[in-house]
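Undergrad: With the hints as your guide, set chain Y onto chain R.
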Amino acid sequence: MLAAVAVAALAAVAALIVLQSSGGGSAAIPPRVATGDGRVLGDANAPVTVIEYADFQCPICKRAETSIVSQVERDYVQSGQVNIEFRMFPFIGQDSFNAAQAAEAARAQGKFWEYHDALFNAQGAENSGAFSYEKLVALAQKIELDVPKFEADLSSNAYLPAIQQEADAARAAGVASTPTFFVNGTKIVGAQPYSQFQAAIDAALAKAAPQ
Amino acid sequence: MRAQVLRSRSPAAGGGGRNANTLLMTASALLAIAGLCIAAYLSAVHYVDQPIACSSIGDCELVNSSRYAELAGVPVALLGAAAYASILALVAGAWLRRAGDLLLAAWGVALGGFAFSVYLTWIELRVLDAICAYCVASACVMTALFASLSASVLRAGDG
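Going down the list, the sequences are from chains R and Y.
Under our numbering, think of the first position of the first sequence as 1, with each following residue one higher.
Under our numbering, think of the first position of the second sequence as 1, with each following residue one higher.
Hints were generated in silico from the structure; no laboratory data involved.
None of the values given here were measured: they were computed from a predicted structure.
Wrong hints could be hidden among the right ones.
[Unchecked claim] The calculated label-pair distances, taken between Cβ atoms and stated as ranges, are:
#	chain 1	residue 1	chain 2	residue 2	range
1	R	193	Y	118	28 to 38 Å
2	R	18	Y	82	27 to 37 Å
3	R	66	Y	22	51 to 61 Å
4	Y	26	R	11	23 to 33 Å
[To be verified] Beyond 10 Å from chain R on every Cβ pair, some chain Y residues (computed):
#	residue
5	25
6	27
7	37
8	40
9	67
10	78
11	79
12	93
13	98
14	99
15	131
In this text, a Cβ means the ideal position worked out from N, Cα and C, and glycines have one as well.
The following block holds chain R by itself, in its conformation from the complex (with noise of 0.2 Å):
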């Protein structure tokens, strides 16, 4: 009776490992049906600005993109009322700050946006080698990046120190975590459900209102 709870037991923890293993694959990050320029998407001058705080090796990161981003992108993004600007927040391991470090490489050519797509559809189990340098050069081949131009940026650190003092102000600022939030200033710290996003924006958007 005791072998057959235990092998039970093992059994379900094997399980829920194997389950946990295969898991992470969260759906693709949709087309982007607004504009970038740089990292802000939308409208520079919208009432309301979302800052996200993100690394690109973190899977509930990801996962905002498609449930939290996109929505807000095609609600409020599209018609004018809020841009979304990315900042960089990489605290996970090696392969955050290569890919912070490549997302700026494709930003000096204009596909900021496509390639932060490209990395979060690309994302692999943390510091795995997911975000080596071939596999982000293969990135920028994918979407048509000038690629002796993309691998000369990159192998020089450039971007390195302004990705450092980026995330040492987060962390003054308060951020601990990814993904954060701050809707003109307010902060939402995780994958929060849509309708807190659009509680808050609604807020900011009835406040920035003119009287």
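TA: Frame of chain R, contents of chain Y only:
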């Protein structure tokens, strides 16, 4: 069969064995309550817009932002809370009803919890290279709970 063994250790049984059983069952219940508190806190911060209160000890935020913090969309902490709650209920039932089958079920859940804690600790150390103090505390509680329930089951078996 085990239910009968436990019944033989019920109030009419010898004082030493009864005291040891009481001690082990009490320890198991207290450990399950401690584990439930930790897991419930981690589950709450997962859903509520609050950072984890341990930034200076380890890398809780990193661990809880990782893919290993969820299982099929359910926070792992919530699964832990469910495991501790079921152990607590089973231990209480086993003690109050002198039911050996409930004790065995509690031991089975604790074994599963212990094995899963070993896996998660390995993930923290080898994959994430980060440690969350709450996760370590929960793993220690689950290990102690498994040891305590193992002792209870073995004592029942010896009877």
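Undergrad: For each hint, tell me whether it holds in the structure or not.
TA: Structure-based check of all given hints:
1. R/193 with Y/118: 28 to 38 Å: Cβ of residue 193 of chain R to Cβ of residue 118 of chain Y: about 33 Å, so the range 28 to 38 Å holds.
2. R/18 with Y/82: 27 to 37 Å: violated (19 Å)
3. R/66 with Y/22: 51 to 61 Å: 53 Å Cβ-Cβ, so the 51 to 61 Å window holds.
4. Y/26 with R/11: 23 to 33 Å: holds (31 Å)
5. 25: holds (18 Å)
6. 27: holds (20 Å)
7. 37: holds (22 Å)
8. 40: Residue 40 of chain Y clear of chain R: closest Cβ-Cβ about 17 Å, beyond 10 Å.
9. 67: Given a closest Cβ separation of 4 Å, the condition is violated.
10. 78: holds (13 Å)
11. 79: violated (8 Å)
12. 93: holds (16 Å)
13. 98: holds (17 Å)
14. 99: holds (13 Å)
15. 131: Residue 131 of chain Y clear of chain R: closest Cβ-Cβ about 14 Å, beyond 10 Å.
Checked against the numbered hints listed earlier, the structure breaks hints 2, 9, 11; every other hint is satisfied.
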